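Enquirer: First to last, the protein sequences are chains V and W. Numbers in the working numbering are just positions in the first sequence, counted from 1, shifted up by 3. Numbers in the working numbering are just positions in the second sequence, counted from 1, shifted up by 3.
Check each hint, because a few of them may be wrong.
To be verified - Pairs of lysine to any residue residues, derived as SDA-like cross-links and limited to a Cα-Cα distance of at most 25 Å, are as follows:
(1) V:Lys15 to W:Glu140
(2) V:Lys143 to W:His100
(3) V:Lys15 to W:Ser146
(4) W:Lys178 to V:Glu95
(5) V:Lys143 to W:Asn173
(6) V:Lys15 to W:Leu103
(7) V:Lys15 to W:His100
(8) V:Lys178 to W:Met79
(9) W:Lys178 to V:His100
(10) W:Lys143 to V:Ser146
(11) W:Lys143 to V:Pro179
(12) V:Lys217 to V:Arg196
(13) V:Lys15 to W:Arg109
(14) V:Lys15 to W:Lys143
(15) W:Lys143 to V:Ile233
(16) V:Lys178 to W:Gln97
(17) W:Lys143 to V:Ala172
(18) W:Lys143 to V:His100
(19) W:Lys178 to V:Asn144
(20) V:Lys15 to V:Pro116
(21) V:Lys178 to W:His106
(22) W:Lys143 to V:Thr148
(23) V:Lys15 to W:Arg78
(24) W:Lys178 to V:Thr71
(25) W:Lys15 to V:Leu103
(26) V:Lys143 to W:Ala115
(27) V:Lys178 to W:Asp75
(28) V:Lys178 to W:Ser96
(29) V:Lys15 to W:Thr148
To be verified - Facing chain W, a subset of chain V residues (Cβ under 10 Å, in silico):
(30) Arg72
(31) Lys143
(32) Gly145
(33) Leu152
(34) Glu156
(35) Asn173
Keep in mind that the hints were calculated from the coordinates and are not lab data. None of the values given here were measured: they were computed from a predicted structure. Even for Gly, the Cβ is constructed at its ideal location relative to N, Cα and C.
Number of protein chains: 2
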Amino acid sequence: MTQIHPLSSQVKVLAFDVFGTVVDWHGSIQREIQSMVPGVDGDAFALAWRAGYQPAMQRVRSGELGWTRIDDLHRMILDTILPEFGLQNLNESQRQHLNLAWHRLRPWEDSAPGLRRLRQRFTTCSLSNGNLGLLTELAKNGSLTWDCLLSAEVFRAYKPDPATYLGVANVFDVKPDEVMLVAAHHDDLAAARRCGLHSAYIERPLEFGSARPKDVSPQAGNDIHAQHLINLADQLGCPD
Amino acid sequence: MTQIHPLSSQVKVLAFDVFGTVVDWHGSIQREIQSMVPGVDGDAFALAWRAGYQPAMQRVRSGELGWTRIDDLHRMILDTILPEFGLQNLNESQRQHLNLAWHRLRPWEDSAPGLRRLRQRFTTCSLSNGNLGLLTELAKNGSLTWDCLLSAEVFRAYKPDPATYLGVANVFDVKPDEVMLVAAHHDDLAAARRCGLHSAYIERPLEFGSARPKDVSPQAGNDIHAQHLINLADQLGCPD
Numbered sequence: 004m005t006q007i008h009p010l011s012s013q014v015k016v017l018a019f020d021v022f023g024t025v026v027d028w029h030g031s032i033q034r035e036i037q038s039m040v041p042g043v044d045g046d047a048f049a050l051a052w053r054a055g056y057q058p059a060m061q062r063v064r065s066g067e068l069g070w071t072r073i074d075d076l077h078r079m080i081l082d083t084i085l086p087e088f089g090l091q092n093l094n095e096s097q098r099q100h101l102n103l104a105w106h107r108l109r110p111w112e113d114s115a116p117g118l119r120r121l122r123q124r125f126t127t128c129s130l131s132n133g134n135l136g137l138l139t140e141l142a143k144n145g146s147l148t149w150d151c152l153l154s155a156e157v158f159r160a161y162k163p164d165p166a167t168y169l170g171v172a173n174v175f176d177v178k179p180d181e182v183m184l185v186a187a188h189h190d191d192l193a194a195a196r197r198c199g200l201h202s203a204y205i206e207r208p209l210e211f212g213s214a215r216p217k218d219v220s221p222q223a224g225n226d227i228h229a230q231h232l233i234n235l236a237d238q239l240g241c242p243d
Numbered sequence: 004m005t006q007i008h009p010l011s012s013q014v015k016v017l018a019f020d021v022f023g024t025v026v027d028w029h030g031s032i033q034r035e036i037q038s039m040v041p042g043v044d045g046d047a048f049a050l051a052w053r054a055g056y057q058p059a060m061q062r063v064r065s066g067e068l069g070w071t072r073i074d075d076l077h078r079m080i081l082d083t084i085l086p087e088f089g090l091q092n093l094n095e096s097q098r099q100h101l102n103l104a105w106h107r108l109r110p111w112e113d114s115a116p117g118l119r120r121l122r123q124r125f126t127t128c129s130l131s132n133g134n135l136g137l138l139t140e141l142a143k144n145g146s147l148t149w150d151c152l153l154s155a156e157v158f159r160a161y162k163p164d165p166a167t168y169l170g171v172a173n174v175f176d177v178k179p180d181e182v183m184l185v186a187a188h189h190d191d192l193a194a195a196r197r198c199g200l201h202s203a204y205i206e207r208p209l210e211f212g213s214a215r216p217k218d219v220s221p222q223a224g225n226d227i228h229a230q231h232l233i234n235l236a237d238q239l240g241c242p243d
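Let the sequences and hints guide you as you build the complete structure.
Expert: In C-alpha cells form, the structure reads like this:
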C-alpha cells in the first residue's frame, strides 16, 4: 500500500501542465501526419514542430510579436517546417486540419482515470501554454474532467512567467503553497517552486517517442515523484 | 414531439449566463442567511444583496474602482447591508462564510441534466460576471458539467461589455453567429445580439422568489424561448 504524502492535507489545488504531462503530443502528431502523408518521417516531424515552440513563444516574450495564441504559433511553425519535409504542397485546408492536430492530442492511458480520482479530493485545473479553445477540445475528445481550464491565455503570459503560477493561487484565492504544479518537466516545476508552489513530477519516459526514452529518475527539489497520475492519486490519498 | 430549431445546425457554442439562469441565487442566499440567523427576512436580504451588484460593477466600469472580482464586490455590498438587517455584529469569520454562499448557490433542478445533454452536441461554457473560483465551486458543488469556464475575469470586463460576448467567439475561434447566449435576462440577450450572437431566453419565473414571480412571456428578438434547459436541449435536438 502506498503511503499517503503529508502534503495531501495542505494542498488544495492541483494545476497540471498538459503537453507531455497529460497528453502524448509526440505520438499523436506522428500518427496524424503519417495518416495524412504516408511515408513521411512522423517521428522527426513531431519533434521539429515541437522544437519550434519555445523559440516562437520567445518572439512573443521579447515583444517582437504581440500576444499570440498557441494555435497561431503552431501554424507559423508548421508553415516553416513543411518544406523541410517536402510537404510545401499541402493546401490551406490540409494545413488547417493538420494544425488542429494539437486539439486532438490523445491523453496518456492513466490521465482520464487519474484526473477523475484526483478531482474527488482536490480542485483540479490545467495550467498550460495551450489556448483555452485547444484545451477545451482536448478535454472533450479525451474525457478529461477538469474543474477549471486555466491557460496562458487567461493570464496573458506564458509559463514560466510567475504571473501564471501565482495566477492559479489568485484565481482560487489560496496561498501559493496550497497549490501544487503537476508536470513532467523539471524546469516548469522549478519555476513553480520559485513562486512558492509545491511540485509533483510525473514520469513520461516516452514523451519524445519510443526511440528516445527520457531520463525520468527522481531529482531533488520535487515534493512528489510519481510514475503516472494514478500513482499520484495513490500518493495523495484519493479514493478509487 | 418538439420541433428541432434550424439554428441547431449553425450554432457551435452555447454560452450561459449563470446567476439566475443556471443557479437559484435568491433561494440559496435566503436559505443560507436564515440558517445562520433564524428570524431574519431572508427574502429581503437576498434581494438587497443582489441589488447592490449592478451599482458595484458600475463603480469598476467608471474607473472609481480598479478591476475587482465579484467575490470582493459581494463582500463590499455585504458589509453595507448587514446593519440594515440588524446584523452588524456578525464577526469576520461569519462574514467570510456568508460571502462564500455565492459559491454554494444551488442549480435549478433541470440545470445539471440539461447541461449534460446540451454538451453532447455543442461546446458549452459559462459566460458570467462571477469569477472563475466562484464558478469552479458552483460547478463542483452542483455537478454542472461545462466544457470550459469563461468569466468576466478572463476578459477583464463585465457583461454587457462587447468584449465578453465577442471574447467567447474569439476563444473558440468561431464567428459570433456561431455562438448562442443562453440567459434568463432580456438585456443580456439583447447585448449579445448587438454583437452578432444568437440568443435563447430561459424562463426562470421564481428568480426573485416565489413572492414576486417574473413576467416570462416571450419577447421579440430572442431566437429561442425555452421553459428550462431540458426544453432547450429538446429544441436544439440534443439526444437524451
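Enquirer: Quick one, are Lys178 of chain V and Ser96 of chain W close enough, alpha carbons at most 25 Å?
Expert: Roughly 18 Å separates the two Cα atoms, so the pair holds.
Enquirer: Given the hinted pair Lys178 of chain V and Asp75 of chain W, is their alpha-carbon gap at most 25 Å?
Expert: holds, 17 Å
Enquirer: Given the hinted pair Lys143 of chain W and Thr148 of chain V, is their alpha-carbon gap at most 25 Å?
Expert: holds, 11 Å
Enquirer: Would the stated hint for Gly145 of chain V survive a check requiring a Cβ distance to chain W of less than 10 Å?
Expert: violated, 12 Å
Enquirer: If you draw a straight line from the CA of Lys15 of chain V to the CA of Pro116 of chain V, is it 25 Å or shorter?
Expert: holds, 19 Å
Enquirer: Does Ile233 of chain V sit within 25 Å of Lys143 of chain W, going by the straight-line distance between their CA atoms?
Expert: holds, 21 Å
Enquirer: Is the interface hint satisfied for Arg72 of chain V? The criterion is a beta-carbon contact with chain W at less than 10 Å.
Expert: holds, 8 Å
Enquirer: Within 25 Å, alpha carbon to alpha carbon, are Lys178 of chain W and His100 of chain V?
Expert: holds, 18 Å
Enquirer: Lys15 of chain V and Arg78 of chain W were given as a pair; does the straight-line alpha-carbon distance stay at or below 25 Å?
Expert: holds, 23 Å
Enquirer: Given the hinted pair Lys143 of chain W and His100 of chain V, is their Cα-Cα distance within 25 Å?
Expert: Outside the cut-off at roughly 34 Å; violated.
Enquirer: Just to be careful, I want the Cα atoms of Lys178 of chain V and Gln97 of chain W compared with a cutoff of 25 Å; is the pair within it?
Expert: OK: Lys178 of chain V and Gln97 of chain W at ~21 Å, within 25 Å.
Enquirer: CA of Lys15 of chain V to CA of Leu103 of chain W, is that 25 Å or under?
Expert: holds, 17 Å
Hints 2, 18 and 32 from the earlier list are contradicted by this structure; the remaining hints agree with it.
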